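Work out the full structure, taking the sequences as your base and the hints as a guide.
Protein sequences, first through last, are from chains W and H.
For our numbering, count along the first sequence from 1 and bump the result up by 59.
For our numbering, count along the second sequence from 1 and bump the result up by 23.
Capping the alpha-carbon separation at 27 Å, the derived lysine-lysine pairs in DSSO-like fashion look like this:
hint : chain 1 : residue 1 : chain 2 : residue 2
1    : H       : K48       : W       : K660
2    : H       : K48       : W       : K654
3    : W       : K660      : H       : K53
4    : H       : K48       : W       : K659
5    : W       : K346      : W       : K409
6    : W       : K652      : H       : K160
7    : W       : K242      : W       : K127
Derived from the structure by calculation, the hints contain no laboratory data.
Model, not experiment: these values are computed from the prediction.
Read off the chains here:
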Amino acid sequence: MSLIKEKFNQISPSEFFYSNRDLAGFSNPTRSLYTAVREFVENALDACDQKGILPDVHLTIKAVEPEKPDPKPYILTVKDNGPGVDSKHIPLAFGTVLYGSKFGLKQARGMFGLGATMAILYGQITTNKPVIVKSSVDGKLQDEFELLLDIQKNKPVIVKHTTKETSKHGLSVSICLEGDYSKAGNKIRDYVYETSLITPYASITFDDPKGEKFQHPRFVKDIPPAPTIIRPHPHGIDVERIRRMIVESQFEIPTIDDAMIEKVRKDLGLSKKNLSFTAIMEKARKKWKTLPRQVRVVIALMSFLKMDFEKLSKITIEDLDIPNKKLHYWDFGESQSKSIDMDPESQYYKQLTNTVQGEPLTTFLTKRFQRIGPTTANKFAEFSGFKPEKRMGTMSNQELVQLSDSLQKFEDFLAPDPSCLAPLGEAPLEKGIKKFFNPDFTAVVQRPASAYSGFPFIVEMGIAYGGDIKTGGPHVYRYANRIPLLYDEGSDVVLKVVNDTDWGRYKVKGDPPFIIVSHICSTRIPYKTAGKENVADRPEIERELRLALQFLSRKLAAYMSKRGQAEMAKKRANLYAKYIPLIAQFCTELAGKKKEPNYKKLIDEEMPVETSKTVKETKVENE
Amino acid sequence: MKTNKIKERSKKADEKQKSILEMLKSHGAKIYDDLDHGQFPKFSIPSRSVSNIVYDKKLRQYILGNNAALRSSRNSSQLRSFTQLMWLAFFANRLTQEKKSSTLRDVYYSSQAFAIEFEDQSESDNIIVDLEAVTSKPREDFHIFPEERSSIFGDLNIEYTIPGYEGKTMNLSNHPDGYSIGPSLTTAELVDTSAEIVIAIEKGGLFTRFVEEQIDKKFKSIIINTGGQAPRSTRTLLKRLHDEMGLPVIVLTDGDVYGEHIAMVIKSGSANAAHLRELTVPDAKWVGVWATDIEKYKLPTIPMTESDIKRCYDLQKDPRYEDGIWKKELDVFLRLKRKAELEAFSKYGLTNITEKYLPQKLELAKSL
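Following this line, the structure appears as structure tokens:
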């Protein structure tokens, strides 16, 4: 036996993230600078989205000492016109880890506001400078905080707090951190550029450390509808989740104490004078329909106990044994446990059963899940082999597993409610692609909502060809919940689907000037790594991506073949223009003539016909 | 008397040139009119695909069937070759008018002076055959000649018709190496000869031997070295010697299946030139070396290769090899699976072939 005792310590969340900062994308100065930009910009956009404000986001990166070689300290500031953060929340929101407003089943760019705190933490440990937060909620007063994190205690340390007048609402966060802009610059510029493509309703500016200004003004005036918090979809549920839902759906036997008795008296409309047991029951029977559940339960208990209020205050209900139809209670007067039989034919017995055993299966399904009506609930009951009126509280473990399995397998549920998702929409996506790439051909599609492991998701995709797009495509722009994914491209499911496509089949050959924009929206994106840069190949997601890409590829193929025809016509016209004069020249000498034949109208007639046809076809395709 | 004859001959040559030019002009005029009327010119080319090549027993040669393809300048995939063909007609017209000769390779390079592109010489060669097929005239009529590689020797007087040499005569036994059969010889007038037969021989070595042994005198013959498969100019000359001078033609080849076919091509043409009717000597006779000679003269032999044997089977399907000596010898080759060269007679001494074999064969040829 060892004499040394094992020592157990609990570490704070910030301590944990301090030791494991690689997990959140802060592995080196290059990656950290990029990740910090991302976290702050995404928080700013999320804040505006949720309040329906058209975002104006200003990103500034400045070197503290520009002459020093990279990596070196930079000041990163992100300023927005969002709702701001209430001054009493600021220290906690920016000075602790795992504190935030983003909990619940709906889509947002980040999950818990963890990343921003990680960036602050990283800044502090590399430069030992406080974070500066300026916030105005009302557009009149602005709070300015200088904060440090107490990493061990996961607590904010307020270095300075001032208040001054302002004319604008919004938030500005500024940190000093060690970064490498010479290496991260490209990625950050790409990030800002690609973000503005998928957030066309935002104006984003970026002042880089070299004094360059990148401006991306908004070109869409409307914010897409904000997502709502929703009930779960049956396909995305497991046994543990059902068990928790059943507990929520069960009603407790009310504690019979003075307060409860007073409530029952009041609801029954009884005066203070004592009524006999029979009179009470009579009164209750008449008013039954208007009584709340708790009161009904107490009346039902009284009916079996045959007690009036006086006696009732001297007992505690211990258990309702529905299978054996027994009621156990503790009698304070006699200091002993007693039990009585319940009559199953009594209407009061039914009341108690309902209360203890919870909702019937069909009610449970329609009330607790999204998009299930009574018809579907009954169909499901038949499919799963449960009686529709089966009480949820009576299910054994085995039955719960069976129920969970059936919920996964039943195929007649409607697709998940996508109202918790915020896809950009086909029109803004198309507008963005056209503005950014000025292509000859564009097509976009938004797939209907689907679900993987119960999490709804929507794939939207755009394809564009020609115009200003550079050759060597397809160039793939990947987005997840409006975040551009720039790293780890190789192992991403979107890339996999694109690479699996035989482009030759769609008449795309050689070194095409060709882009694909893929946006996956979900309440939970299945990222492969904590760095959140590549999406795992879940079969459901892969399938939707494939269908979207196939749909667009077919449109592209139609365009390509028309374009091919137009090119052929042009080529043919060029051939005529090249060869017919030669033929004319040779036959003139052969025929012994002096003047060449009048062949010009032959070439002229061919040209305009072909050209006008081409223009028309292209136009139709782009509409 | 002689002047008259010369005049007559030059008149004949002039007429031939005139008819070629007329024909080219009429083709050109048709295309000119189409263009002038705003129409895409087109013309029809006899199909030279295998399915359209048939053996005409009456003519005793291969000819093209009735299938023809329309080549239109409207069709963008044909426009290029249409223009190439037009250029070639134009170029042939100039060559003929100026009485200048050209080779296949020459044509290929000349095209570049007119912004006409050919991928390679085989493309331009192909267009030349197209022109032949459209006009049914051999390219030699348009002054386009192959590189010469065959030669002629014997008592034959010719008179040149090419510019600068018109009226000049020559006797073809003046030079013991023989005269190469080039454009000037092919187009020359054949004036007179004391020869009574033409011996076409496959090999240059034997040709030299025959000259040395004075076969021309001993057998009153004109000797022609075909240099393997006879070039078209040689076949033209053979035909003219037969048709114009009334000389019988016999062919002497190696004792193998290729030799047999060399003789057959002289006699009845090749599939490649099925569009032309002026290259065959249907009365020409193959006198050997036969497969049966290999056994009869106990010649040293070489085993046949697989491709030799395959060639035998291929020829068995050719209608010209259906009967007579052609079939018989082919069967024997297949039975022996061995072959012998003309030089094999050297086993019995250098002059054996001229002193023993040739006389016997010439005698035999009379009965063929």
